[in-house]
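Take a look at the letters that make up each chain.
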Amino acid sequence: MIFNSEISAQQQHTTSPVVTGGSVIALVYNGGVVIGTDTLCSYGSMAEFKNVEKIAQVSKNTIYVSSGEFSDFQQVVKELAKIDRQALQYDDGVHPSPRDYGNYLARLSYKKRCKINPLYLQNVIAGFHNGERYLALVDIYGTYLESNFVTTGFASYFCKAIISNYWNENCTLEQAKQVIKECFKVLFCRDCRAHDVIQIAYVDEQGTHIEQPERVETKWDFNGFKTRANEKLHTQ
Amino acid sequence: MLKHLYDTDCVTWSPQGKLFQVEYAMEAVKQGSICLGLKSNENVVLCSLKRQPSELAGYQEKQFKIDDHMAIAIAGLTADARVLCKYMRTECLEYKYTYESHHPVGRLVFKVAEKSQHKTQSGAKRPYGVGLLVAGIDPNGVHLFETCPSGNYYEYKCQAIGSRSQAARTYFESWFHLFEKSTLEQLILHGLSAIKKAIMEDEELNEKNVEVGILGKNLKFTHLNAQELKDYIAKLETFSPNSQIQQE
Chain A
0 MIFNSEISAQ QQHTTSPVVT GGSVIALVYN GGVVIGTDTL CSYGSMAEFK NVEKIAQVSK
60 NTIYVSSGEF SDFQQVVKEL AKIDRQALQY DDGVHPSPRD YGNYLARLSY KKRCKINPLY
120 LQNVIAGFHN GERYLALVDI YGTYLESNFV TTGFASYFCK AIISNYWNEN CTLEQAKQVI
180 KECFKVLFCR DCRAHDVIQI AYVDEQGTHI EQPERVETKW DFNGFKTRAN EKLHTQ
Chain B
0 MLKHLYDTDC VTWSPQGKLF QVEYAMEAVK QGSICLGLKS NENVVLCSLK RQPSELAGYQ
60 EKQFKIDDHM AIAIAGLTAD ARVLCKYMRT ECLEYKYTYE SHHPVGRLVF KVAEKSQHKT
120 QSGAKRPYGV GLLVAGIDPN GVHLFETCPS GNYYEYKCQA IGSRSQAART YFESWFHLFE
180 KSTLEQLILH GLSAIKKAIM EDEELNEKNV EVGILGKNLK FTHLNAQELK DYIAKLETFS
240 PNSQIQQE
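Protein sequence lines correspond, in order, to chains A and B.
Numbering-wise (numbering that gives the first Met the number 0), the first sequence opens with residue 0 and increments by one.
Numbering-wise (numbering that gives the first Met the number 0), the second sequence opens with residue 0 and increments by one.
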């Protein structure tokens, strides 16, 4: 049982988020791992910050994205970069692998969760190391799950059907990207905090490739929107 | 070693630029019984000669597993070795807990060296009186390091420390060019041959007083058991490095 005095004595920085990022979808394909996320940071229900690049390249072959409180995301990026930098002082050329980052983040999240001061994030770490694809989800509680596909936020509810019907772990990069774009179309239609400009990044043997943000095609010029029943728009 | 002036503590230099307390600590390593290590492209082997304080006593173990991928052989003060061993094991465990992977070998040796150096720069402390041979495997390859009380550490292809280790080193100098491509069995036989050079005339190698530890890219650290040791010591009779050259 947690007594109130225990909680108030501890620091509690993020128990409810302020500026939040949207869903993240990550899929494994035959040559690596591809991640897609939208470029919006919401201030509650307001679409405050558009064109935010939310994909962090943590090392040569690892990328990190998360949904949730954006300031926590920025802090974690700094923490992960710190590990890589500290590796330099040993002069042995050994750098953390994607799995090292994933586990470190899980330990960090769990520690903060135990103090009721969580990193308010669903984290996704993707990488390619020694010929092996790596993809893991670390959630707000510090749960660590390695998987072939990962979805956070509303994507977990809307997109799993699309992923299971149109994706498999040995598909091509183009097929995986297509699935991600379809998912974000659906999310834009159904999730109130989603945005139609998304950014895709993938890691393969050659390293990390982060693409420019792009707008997913959605159709809004239905007749039903233009002429509502028994009504004409002012312009007509 | 003779007594010197300027040797009262670690914080006094001699006019020749030596820290005598540190040098005396390295003498303690030379008093320990011999242990040696040698590596190939795939494996590392540690061999050591165990001492028996009296006929009633057991033999003092000289090799300790630090983690699945790393082990040490010690020469010098066993009590100091235990402290360093515990430190290394704790570091490996913490690394594994945080990153779920093995502690890079060079990095841990660096940490041990830093700890050792710290003891050489204080008026109230003394250096560790033990030298370690650290054998380990990590993504950078196969490693064999030597640490010493001064806080220096070196990487080796093969090395022997402890009493009468010069004889073993002489053996290594003649044959180390064969080690890189040796099989595990050849490596063990080389190690035992080198130890044989370093024992006293009235002593003999047997499965009780010799300790052999092996480590490989796909092989977690293990000690050879008594039967395996007996077999290898028997094979020593017919083993010669020359035959290895003829094979290649």
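What the hints contain is simulated information worked out from the structure, not anything from laboratory work.
A few of these clues could be false.
Unchecked claim - Reference excerpt, derived from the structure (chain B facing chain A, CB under 10 Å, subset only):
1. Glu26
2. Tyr96
3. Ser162
Said to hold, decoys possible - Derived DSS-like pairs: lysine-lysine, alpha-carbon spacing no greater than 27 Å straight-line:
4. B:Lys85 - A:Lys110
5. A:Lys59 - B:Lys95
6. B:Lys229 - A:Lys81
7. B:Lys85 - A:Lys77
8. A:Lys81 - B:Lys49
9. B:Lys229 - B:Lys49
10. A:Lys110 - B:Lys110
Said to hold, decoys possible - With beta-carbon atoms standing in for the labels, derived distance ranges:
11. A:Ser163 - B:Ala225: 28 to 38 Å
12. A:Leu87 - B:Ser13: 28 to 38 Å
13. B:His117 - A:Tyr165: 52 to 62 Å
14. B:Arg81 - A:Tyr140: 30 to 40 Å
15. B:Gly140 - A:Gly43: 51 to 61 Å
16. A:Leu87 - B:Lys29: 45 to 55 Å
17. A:Tyr140 - B:Ala225: 41 to 51 Å
18. B:Glu113 - A:Glu131: 48 to 58 Å
The C-beta atom is built at its ideal place from N, Cα and C for all residues, glycine as well.
Hint numbers not upheld by this structure, sorted from lowest to highest: 1, 3, 6, 7, 8, 11, 16, 18
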